[in-house]
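A.B. asks: Below, each chain spelled out in residue letters.
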Amino acid sequence: MTTTHTHALLLRSNDFGESDRILHLLTPETGRVTVIAKGARRSVKRFGGNLDFFNHLRIQIEQRRPTSMARLELAKLERTFHGLREHPGRFALGCYVLEALDRLAPEGGARVERERLFHFGLAALDWIDGGTPDRRMRVLLELRTLDAVGLRPELARCVRCASALGPADGPLVPFRVGDGGPVCAACRSPEDQGLPIHLGTLRALQSSLGFELSALARIGLSGNALGEAEGLLRRFLRFHVGLELRSEAFLTQLTLREPEGKLRPPEARP
Amino acid sequence: MKTAPPIERLVANLKRLPGIGEKSATRLAFFLLSSPERLVTELADAMVRVKSEIVLCEHCFDLTDVSPCPICRDDRRDAKLLCVVEEPADRAAIERSGDWPGRYHVLGGALSPIDGVGPEDLRITELEGRVRTDGVKEVLLATNPNAEGDATAHYLGDRLRATGVRLTRIGYGMPMGGDLEYADHVTVGRSLQNRRELD
Ligand SMILES: [Zn+2]
Ligand SMILES: [Zn+2]
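Chains as they are written, first to last, in this note's numbering: chain A, 3 to 272; chain B, 353 to 551.
Some hints could be false.
Unchecked claim - Cβ pair distances, simulated, as ranges:
1. B/Asp-536 to A/Leu-211: 28 to 38 Å
2. B/Ile-406 to A/Arg-44: 17 to 27 Å
3. A/Arg-44 to B/Glu-389: 55 to 65 Å
4. B/Arg-401 to A/Lys-40: 32 to 42 Å
5. A/His-7 to B/Gly-523: 31 to 41 Å
6. A/Thr-69 to B/Ser-376: 19 to 29 Å
7. A/Gly-180 to B/Thr-485: 52 to 62 Å
8. A/Thr-69 to B/Lys-375: 48 to 58 Å
9. A/Arg-113 to B/Pro-357: 46 to 56 Å
10. B/Ile-359 to A/Lys-47: 32 to 42 Å
11. B/Gly-487 to A/Gly-110: 57 to 67 Å
12. B/Pro-453 to A/Asp-128: 39 to 49 Å
13. B/Ile-359 to A/Arg-113: 51 to 61 Å
14. A/Asp-128 to B/Ser-419: 26 to 36 Å
Everything labelled a hint here was simulated from the structure, so no lab data went into it.
It should be emphasised that the depicted structure is a prediction, and the values quoted were computed from it without experimental measurement.
Cβ atoms here follow ideal geometry from the backbone N, Cα and C, with glycine treated the same way.
Kindly produce the complete structure, drawing on both the sequences and the hints.
C.D. replies: Laid out in structure tokens, this is it:
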């Protein structure tokens with residue numbers, strides 16, 4: 003029997019039988035892992051009601067046999083991201099990120115990658131918790147989620163010749179969704195349709211990758227550029243991930259319906 | 353020895369029930385087989401009738417054998433107070449506490465985007481209709497105190513705020529992450545008394 007002590011975020015939860023729950027967790031120790039929580043449905047005593055979305059947990063899991071499902075033995079609350087429970091827009095965005103991680107995060111993988119992914123999950127919830135859940139936040143989070151799971155689109159270089167894009171390639175650059183990136187002027191052929199994107203939009207997205215999530219307020223992305231970025235990310239997700247996230251419809255309803263002004267003002271930003 | 357096909361069929365059907373595995377199903381099958389005819393007929397009859405006789409109340413969407421349900425027909429219940437719950441079992445839990453003088457509205461679940469459950473899958477339009485036409489003064493949002501239940505309460509709050517109705521949320525007493533269905537009546541009663549304004 004192996005016992006593992008680690009941190010965890012709940013990605014998905016299903017009732018199992020009369021009193022148990024099957025949980026998909028993201029941990030820095032194991033990556034994405036499926037565990038059974040005995041008695042978690044009937045009683046909140048054992049896990050103290052901690053087995054909930056948007057909770058940073060410290061857990062103990064036990065693997066009795068290599069072939070059997072690991073059992074959750076202990077779950078202590080490290081931190082709860084309250085803002086996601088109390089604001090429908092933040093809740094929708096949080097669910098969207100958790101679902102994307104559940105569908106895209108690898109099981110296992112290199113240790114440093116697992117840790118990076120877990121910390122991305124925490125940072126994403128933290129950002130949503132104090133931020134304004136609008137279209138801009140959604141686009142930047144989609145890009146960061148793809149980056150975190152190793153599926154980032156190419157934004158700075160030509161996918162054919164790998165040379166850095168410059169002013170001579172713009173202002174509109176065809177983005178080849180199928181190839182995963184833009185094509186420079188030299189490599190372009192008349193039949194290269196692609197999705198036309200302004201060089202400035204690609205640059206803004208590229209530079210957003212260099213910022214901590216908490217500092218993304220500094221990335222200017224609005225109006226036309228925001229619309230372009232949304233189109234790019236949406237097509238990229240569909241094509242490369244084959245992804246129709248279940249939580250997408252609700253998120254779209256909320257991020258399109260609620261103008262920024264209607265929300266509680268976000269905490270002061272640097 | 354191979355089990356006789358009628359027994360096999362019964363076991364296979366019992367196994368579809370929640371919490372019933374191969375072992376329990378077999379035990380139940382042999383119990384029924386050794387029981388008096390009358391007991392088996394009564395059980396089968398009860399199962400068929402529950403399907404044909406139980407309907408949803410046309411006002412509150414609770415399970416009932418006559419619509420409107422007894423609570424919606426009861427004049428002593430304050431129609432100006434509406435308690436919103438996720439499931440019929442939650443309505444039953446609140447009713448057991450004996451602390452709610454008003455009526456109910458059963459949503460049919462909570463928002464659960466990850467499982468594909470959105471607002472259009474819940475009885476929210478019907479709730480808005482009742483609040484607008486029945487002169488409701490207070491809506492107590494008694495969805496479960498977990499992430500999805502909290503988010504649902506706040507979402508309903510946003511949708512109902514324009515009507516000017518008083519919006520309250522079940523209060524402390526219910527453990528975080530808990531489920532009304534499994535809470536004892538003292539705890540549920542306390543959480544009703546401690547209800548607070550939804551901010
Ligand atoms: Zn090129
Ligand atoms: Zn009724």
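A.B. asks: Does each hint hold? Answer for all of them.
C.D. replies: A quick look at each hint next to the structure:
no.: 1; hint: B/Asp-536 to A/Leu-211: 28 to 38 Å; result: 51 Å, violated
no.: 2; hint: B/Ile-406 to A/Arg-44: 17 to 27 Å; result: 25 Å, holds
no.: 3; hint: A/Arg-44 to B/Glu-389: 55 to 65 Å; result: 36 Å, violated
no.: 4; hint: B/Arg-401 to A/Lys-40: 32 to 42 Å; result: 36 Å, holds
no.: 5; hint: A/His-7 to B/Gly-523: 31 to 41 Å; result: 35 Å, holds
no.: 6; hint: A/Thr-69 to B/Ser-376: 19 to 29 Å; result: 24 Å, holds
no.: 7; hint: A/Gly-180 to B/Thr-485: 52 to 62 Å; result: 54 Å, holds
no.: 8; hint: A/Thr-69 to B/Lys-375: 48 to 58 Å; result: 21 Å, violated
no.: 9; hint: A/Arg-113 to B/Pro-357: 46 to 56 Å; result: 55 Å, holds
no.: 10; hint: B/Ile-359 to A/Lys-47: 32 to 42 Å; result: 40 Å, holds
no.: 11; hint: B/Gly-487 to A/Gly-110: 57 to 67 Å; result: 59 Å, holds
no.: 12; hint: B/Pro-453 to A/Asp-128: 39 to 49 Å; result: 42 Å, holds
no.: 13; hint: B/Ile-359 to A/Arg-113: 51 to 61 Å; result: 53 Å, holds
no.: 14; hint: A/Asp-128 to B/Ser-419: 26 to 36 Å; result: 48 Å, violated
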